[in-house]
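Protein chains: 2
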Amino acid sequence: MNFRNTRITQLLKIKYPILEGGMAWAGTSILAAAVSNAGGLGTIGSGSMDRQLLTQEIKKIKTMTDKPFAVNIMLLNPYAQELVETVIEEKVPCVVFGAGNPAKFLPLLKENNVISMAVVSSENLAVRLERAGIDAIIGEGMESGGHIGDVTTMVLIPKLMDCLSVPLVAAGGIADGRAMAACFALGAQGVQMGTRFLASKECQVHEEYKNKIIKAGIRDTVITGEKLGHSARVIRTKFAKRVCELELDCPDQAEEMLVGSLKRAVVNGDVEEGAFMAGQCIGLIEQVESVKDIIEKTVFHAEKIFCGGQEV
Amino acid sequence: MNFRNTRITQLLKIKYPILEGGMAWAGTSILAAAVSNAGGLGTIGSGSMDRQLLTQEIKKIKTMTDKPFAVNIMLLNPYAQELVETVIEEKVPCVVFGAGNPAKFLPLLKENNVISMAVVSSENLAVRLERAGIDAIIGEGMESGGHIGDVTTMVLIPKLMDCLSVPLVAAGGIADGRAMAACFALGAQGVQMGTRFLASKECQVHEEYKNKIIKAGIRDTVITGEKLGHSARVIRTKFAKRVCELELDCPDQAEEMLVGSLKRAVVNGDVEEGAFMAGQCIGLIEQVESVKDIIEKTVFHAEKIFCGGQEV
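Going line by line, the protein sequences match chains D and F.
Yeah, the first sequence ends on 562 if you go by the working numbering, and it's all consecutive.
Yeah, the second sequence ends on 562 if you go by the working numbering, and it's all consecutive.
Treat the hints loosely; a few may be bogus.
Copies of the same chain look alike in the list, so a pair counts if it fits in one copy or across any two.
[Said to hold, decoys possible] Cut-off 25 Å, straight-line C-alpha distance, at most; resulting in silico cross-link-like pairs (DSS-like, lysine-lysine):
hint, residue 1, residue 2
1, 491, 477
2, 491, 554
3, 263, 542
4, 265, 465
5, 309, 477
No lab work stands behind these hints, which were simulated from the structure alone.
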């Protein structure tokens with residue numbers, strides 16, 4: 251098993267097959283540059299950005315790295331179309347789509363030599379996107395943080411392997427080399443980590459956010475928005491439990507509470523009204539480390555597992 | 251990575267580190283004998299049995315195999331105490347506890363040389379049971395069928411590895427050698443499969459049950475009983491969806507619908523009022539095979555993954 255030269259490292263021209271998950275507010279150009287400089291694929295999480303904000307972030311990251319990087323575009327963002335145009339104008343090497351079907355954008359991206367990937371939580375969308383010309387698929391299990399589907403990584407990745415020809419990246423529940431090795435055993439040629447990079451030195455989220463990740467156990471997340479049609483995994487707080495309770499009887503009030511809640515967590519560390527999106531692997535993360543250490547330890551550990559316990 | 255000689259094969263004196271999950275009604279002596287004869291650990295799922303019924307099943311399996319086997323005891327069963335006594339009287343090699351804390355039974359079992367294991371969905375119970383003298387822990391992710399917790403296999407197994415000294419078995423989402431290899435990469439020394447054995451030739455469940463597993467996709471399960479305090483993953487049917495709907499407004503009615511619903515699925519293949527317990531890996535199972543083929547293909551495939559694609 252090769253963890254350094256895979257279909258994903260070849261496609262993306264990166265050193266290690268580790269992608270930064272697309273994280274609105276938390277996935278800044280600073281964090282993305284750190285991931286790219288460490289040999290992974292840094293990803294600007296464009297979230298609800300418009301053209302102007304994204305352009306700024308892209309110009310910023312170009313001053314910090316000459317390595318490939320990506321922009322994640324949430325298809326629920328009303329500015330999605332103009333963000334795709336921005337990516338092309340700015341000659342961003344790669345775009346990752348989330349929360350929808352990006353098929354209509356794929357021909358234009360291909361014409362402009364932008365690599366396209368999409369995050370999926372089921373095989374149906376993945377197969378449709380492969381037919382539409384996507385370059386790679388990121389399968390994301392429901393143990394992941396933020397917006398999620400309902401199938402776990404252990405089941406989703408082999409299913410996608412059985413259905414797809416394009417390269418496959420595994421996401422959801424991956425915080426160390428053991429999970430990277432496991433995902434490769436399941437058939438993935440790369441992994442995506444989000445939560446693990448939140449607890450990195452270079453990540454710009456509020457200290458309270460990082461503290462919560464370090465302290466939490468594997469059972470300390472809840473899923474908000476399940477009844478509202480947009481499930482998202484967040485750290486269990488009084489606020490998150492209150493949202494879950496309100497979803498059934500007062501869905502409008504729950505929706506209102508969620509508006510701006512991620513930003514409040516990221517920017518202000520607001521424990522009263524912030525939604526701290528994170529995956530179940532918070533329970534495996536014990537310290538804030540540099541992005542470089544996270545990436546290298548993960549790859550080395552995965553290699554060690556496959557080399558029968560010998561040092562590499 | 252060794253898939254034939256592990257702490258689990260040594261503890262249980264079995265050929266392959268594959269355990270049959272404890273399945274009420276479906277885990278008969280016939281299926282358990284087939285699993286043990288094929289080199290795994292067959293498991294009689296005692297479910298709601300009393301002493302007399304379990305004694306019959308144990309006497310029956312002894313006529314079919316001379317290999318080690320286990321009895322699974324659900325601690326919610328009011329006859330749990332007498333089933334423990336039965337296991338000891340009948341000199342059953344191994345007992346697996348589910349749905350509760352079996353600490354009080356462990357000294358007696360140890361005195362009588364019965365190996366004890368327990369299915370857990372969090373590290374807290376696992377650590378308490380290790381202190382109480384359990385011989386091995388089975389960590390079960392929430393992609394599993396039947397009664398489940400809330401953490402996925404990808405996250406639960408590494409966490410348990412970090413907390414435990416006793417041997418560890420992974421369960422939840424495992425239907426083939428890819429998942430077996432993945433679970434070993436995460437740190438397990440054995441795997442438990444339930445759903446995969448439901449779709450075996452030797453399994454005595456109604457043909458409709460097997461058909462449903464073969465036809466289903468990875469998203470074709472739902473969790474019933476979540477609001478009632480006993481979450482169980484079942485195949486998505488009209489019945490299952492109706493139970494989920496009623497749980498909130500008419501919990502008593504939902505409870506009543508669930509009584510006897512597993513038996514109706516197993517014995518009668520009753521699609522109208524049966525609960526077809528099964529894990530998300532139904533979406534990876536495409537044919538009914540013999541237990542021997544299932545076990546050997548799983549081990550051979552896992553070995554192949556770790557041997558860099560060479561035939562073994």
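Evaluation of the provided hints:
no.	hint	verdict
1	491 x 477	both (13 Å within a copy, 15 Å between copies)
2	491 x 554	neither (40 Å within a copy, 45 Å between copies)
3	263 x 542	within (18 Å within a copy, 44 Å between copies)
4	265 x 465	neither (31 Å within a copy, 41 Å between copies)
5	309 x 477	neither (39 Å within a copy, 49 Å between copies)
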